[in-house]
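**Student:** Assembling the complex is the task here: the two chains are given apart, and the hints tell you how they should meet.
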Amino acid sequence: MGRDIYAVGVSPDGPYIGDGRFDVLTVDHATGMQMLHDGSVDLYMDGETAYTRSDMRSQYAAGALKKYLENAETTRLIEQYDINLSFPLRIEVSYLSNAASATPIVTAAPAASPLASNTSAAVKEQIGELQNGGNKKFKAEFVSDNEVIIPSLMNPPIPLSQVVLAFLYIVPMLFMGIFFNSSFMEEKTNRKLNILMSAPVTPFDIIAGKMLPYVVFSLAVVIAMTLMLGGNVLMALAIFTPVILFIFAIYLMVALVYRTFKDQTFFSMAAITFVTGYLVLPALFTGINSVSYISPLTLAVQMYRGESFGLAEYALSAGPMYLVFGLAVFVGVRIFNEEYMMGFGPLYRKAADAIYLAINKNHVYVSIALLSLLLIPVVFMVQMVIAILSLMVPVNLPPMVFLAALLSLCVIVEEVAKSAGIATLLENKRIASAKTLLALAAASALGFFIGEKLLLYLSLSVVSNIMLIEALGSADLLIIPLVAHFVFTSIVLLLTRKLGVKYYALAVVAGSFVHFLYNFAILAQEMGAMQ
Amino acid sequence: MSGFYAIINKELTSVRKEKTIVLAILIQLLIAAFSSVILVGLMSFYDPGSIGQNTNIHLNVGVVGDDGGRFSSLIKEAGLKATAYASVDAARAEMQAGRLDAVIVIPASSSGVVDMQLILPQSDSRATVVTMVLKGPMMKYENYLRELNGVHVRYTGVEGKESTTYEFLYSFILPMLMFFPAFIAGSMIIDSVSEEVENMTFDTLLSAPVSLNAVLFGKAAAAVFLAIIQCILWLLLLSVNRLYIQNPLPVLLLALIISAFVTFGSGLISMFFKDRERSQFAYSILLMTVAGASLVVNPSPVSLMARLAMGDARVGMLEASLYVLPLLALIALFCLASKKLLAHNV
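Chains E and W are the protein sequences, given in the same order. Residues 0 to 530 (numbering that gives the first Met the number 0) make up the first sequence, in order. Residues 0 to 345 (numbering that gives the first Met the number 0) make up the second sequence, in order.
Chain W with its partners taken away, still in its complex shape (with noise of 0.2 Å):
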């Protein structure tokens, strides 16, 4: 057992004097950064009433024509302001003057279509946040303007929080972090297998008390336990952030079980093919392979993790769990074939 664990050391040795892990924690970081700034970016895209509180947009819409005002309350209940005016002429001139953000002339509809003007600042940007903030309150006109017609509208009642943000976090941003450590993982006992099988170190190692796959569960265990680390650190980079994840247990497990599987698998491609450069190109075909078929698994490990991160009371530890099936059939495999295809090299 001593044997095997001078084996991890000795890997994660040589991965901190490569301060290869340094920079992989690095790209991570780039990766976070990254993933925040499209979240904000999202959020404001997509949640009108973010972009007010994120950035203090206080609009002030110059309204002509509103006549019972049904527009102007929907503006106010946008929490925007509405001024109105008796002339399209007056409120431009305001809005020349900077004094509004937009203006709104609604004429006088005899066919039950309405023309509506909406006069926007030159900006770009301005303009669009406009026109994204007064998306709300124009939907609503529509619908009145469609229950004129006779045309009813269902569901309106439904209310809740713009979601998009929150989805992007759980079901992109949160798996793409956790299981980006087991994709480095893998990448990494390929170079190192298929160093030692170029070196013809194998045989050196070997020569130390120690068995064949307990030199490659050595290697194996190191790469895994960097890659959890990460994931570890990735939770508490979220919290810092204040996006915190539910069940964080059941998702380090299952982060866990993902890096193992893949540091196992590529461990067989890099025993298959022996040199580096086809066992990479192989690692990442194969990879993208069954990533992609993962998908088909219900629920896949994608939308198992979005689900423990979010709290889905559905799921849990025992769901997370059943992927160690697998994973040991993959282990297995791995120490029958592991001697064989090392044969002549050993």
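Excised from the complex, chain E in its bound form (with noise of 0.2 Å):
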């Protein structure tokens, strides 16, 4: 990638540049510098003394050409010198405490770690890994996993090889996700699951039937996988399967919900961009942010990069992932029916209809009160992903309007999982008076408080002093009373109820306002109390 991306101009006795990045050319100083001057070249490297203009593409080359001449001085000093000249710096590396903060559920071999007695070993070894390719590069690239820091031969800490190779895991699973889809969609154009329903068997059967093969297949693929990298299996295992069985929900949504494969391709793509996204995205910032631990391919980082992890961490970022699937093949029994999957609608019909039918009757207190504790994962995602789309605003804005931004979409997400249950038995006429509905708000309120304090148990051991959680209702805000939840989603309801459930958006965006006031308000005390 990047071929010829930048003309460099050499003199007769200049370095050899091996780099595809590089277009070279070897000409004479006045010439090249010449050839600099009218931008044909963007760097001109005369012997040892480099050239460049002012402008940002030379200075860009520039800072490559270093890079890649600072690399290929590393290769000559290990070959023509004894290491103890050429590598004549050594650090060794201590922490200030040592006091753990994650009870450790998987200690990691020490990756061969040198022996701090003899540094030379470190060197030896480090050039060693510098010089082998393959598995090897996959691994121990961290320097604190290096307890002995080299600095020409120290890798920046970006965990990029091993994302790449979490993101490798990722590709077969998306494929075999597509591959069920296409099958369930093809099954339910031709209406042969129509033949299925007439069976004796449950829908159960016919989704975990169907789904089986593909998820089999998926989990032989990481083992494969895991084998050939010579990592872990059964952490490998407990750190796929969340991920597998995410997509998988995800597919088995769009194969239900959606009709036409004009509709499914896009929903398809979409699905894939995001499950990427959520999952590499973070997985980057392993190391540096207590973030990244939304994603369970964090976890695959440092798995491969020999390092720890905590039960905590591994809740946080596989439990949503679990209870998504769950909660996805719940509702796809409740709605596999022919007149739900074979109808054409919008998307906020078609879901309406699928939280309704997910509705049981007979209880509809427990009912709502656990749709609204199990979107919270839902919730949680969603959020996540507002906050991450919130980090390409230029941040130009004040802050506090950009929080309040971040804020008010947050809110918007969090009444909607609240209320949308309720509002769908409203809109079948299952609720005859305001005290029944009031007692329903009072349900939903409870199941999301429940649900909220578990996640914010869990977050806060795992993520903690992130001013984006805090806002987005994670850390201290998290503390809504109670209370509020059943006034914010009364609000909604009851203007619901009045105004008909056409306007339910608008009664939506009043509970929202109610509820971004309170949030606000607390955020400002908070803010104002820091400072």
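A few of these clues could be false.
Unchecked claim - For lysine-lysine, the following BS3-like pairs were computed, each having C-alpha atoms within a straight-line distance of at most 25 Å: (1) W:K139 <-> E:K191; (2) W:K273 <-> E:K65; (3) E:K123 <-> W:K139; (4) W:K139 <-> E:K66.
These are computed hints drawn from the structure, not numbers from a lab.
**Tutor:** Here you go:
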């Protein structure tokens, strides 16, 4: 990638540049300087001296060349000199305090850690790593793994290679998901599913039966890849099983809800983008920011770096995925009827019908409370995506405005999650009195409250001190009294009842507005306290 | 000709109705968001200087046993604060009190090898940042020690801006953004053609006074039009994020050619296989193969796109236009094949 992106002039006694990014021309000094001046080369290298222009392009070319030459020199030093002469500086790293914050459930074998008494061994080992390509490259790149730092052999701590590795796990899973989805769609449009439905099998049997082969194959791929890379198979299974289930949950919903292939193509694409982004991006920040633990891939990266992680981290990243899968299968079973699956309708209509079908009409209160509780992971993920999206907004906005915008979006998501189920009941005229409505609102608020508390407990033990999370309401703000939740949901529902379900969106906005004011007041207070 | 426009209009309306374009743009918005996160991330990983700029980190490093102050001055050169301490314990105590971010202990060297000690904060992320920021001074000190040992390191005077983010943006993100709409266009034309074939609506369409090729070209034009609109949106979006692209016209021309190429290619595929499932499958496989094979060409579309956007003086409109030739060949093939492939449907 990026071949010949820089043009470089080199004097006859200049360095050899064997890197595809550089288009190298050998020219004498006068010509070289002239070419540099008129822009036909970005940099001129006369012997050991580099001449550049002041524009960005020339400066970037110099930066790229600097890095290349540094590496080339390191290789030359390794070949020509004794390591005590060529790598005279070894830095032994120790940490101020060893108080571990997380209880490691898995302690990876120390990657043949060098003896502190003889740092030459560490130099040799790191040179070996540099020269060895292959699988070794994926391991032990992190500075803190090597308890001895050799400055010129030190790699940046970005876990890019491990992230790429983790990404490679995802690709076959996505393919399996698409195959599963296609096969499901095929049977749906061919009406083969109808025949199955009339057979004496439950919807769960059909869904599970159709999914199982693809899931098993995905698991087999995980095992095979892990064996090939020399990782820990059990740990890899623990990490990737929730990912597989999450992907299949999404594809199951797409297959059940959408009718035409056109829709399905685009939603599959959307799903791929969403899943890949949600999983891969946080993993890039492994070790830098604890928010990275929202993605299980972070754990995989850690596994391949030979680091350990705690049970809380596992629960935070994998938990929501298991729950989303559970929810998807449950909803899938409930909506598994011909009328729903073959019916046309816009997305919100389909979603509303699905929620309505998912509610057990004999145990309405329990259903509503459970629904609110189970939607928490979904809410959490959507809020995370909003937070990530918000990062792309050019940050010229005053932080308060920015935070307010972020907060209002998140509040809307929460209010919808709490009230959608009851709104569908309203729509189907299942609720007679205002009293029932309020009781349902209380049940929903309770369910949401419990879920939130669980999440709070988890995320506080993993993530700490991140303003974004606090702003999202996952930290201090999460401790909104139960009553407050009840009030906001009631506002939404009473308005919906009064105005009619048509104006549900309006009611949500109204409820969210009150919720937002409440959150913002608390946030402002806290920020005041901080200053 | 009016029939041709009617077809384009029909395709665009059907796309709008299905809200697919909204979705496609949303997807890309997501990618854009993600890529800017990656950019910021990469910037801080590879360019310790930018960590300082972005987060206002003013590290204070305690140095023990730095005779002559060589290392301290290198630290100061890097814009950090260095404080000398007489003993390790004193420095450690200061660090415990939160007044130091790291402590470096330099022993007296006897054999030319220096076993330095670095005490880092316990927080993983903090320690990473400190290590990254200290890498520069440490490398300079290493080179100094090498010279003392009689090992000459060449090219130490080359200085420039950290280029990783720059290269990543122009040679990965931008080509991806410019070519992704083309992939959507290809997928779209397959859906559209195979739907007409499967529903046997081609006959109905052709009972109107339009030729088969006019119908197909209308479909293709709609797809390419959408793709290029997305590309333009992209460039605008990037400039909102203060990432500016040089040579926007050749860049868009190249994007246009690529999306037309993919569109006509996938049109051929869908006419050949006729059903959607197989066409989409063949399309993804072929797309990957062709994209891979295109890297062999010099300059490949990806690298040409990167160089145009970077403002490389050696490429311009002419190089971008050269890609019209394979496109024309493909279109010719498309025209010749369309009648034959769809013969028994029409």
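**Student:** Each hint needs a verdict: does it hold in this structure or not?
**Tutor:** Going down the list of hints, with the structure as the test:
no.	hint	in the structure
1	W:K139 <-> E:K191	violated (71 Å)
2	W:K273 <-> E:K65	violated (54 Å)
3	E:K123 <-> W:K139	holds (21 Å)
4	W:K139 <-> E:K66	holds (14 Å)
When each numbered hint is compared with the structure, violations occur for hints 1 and 2.
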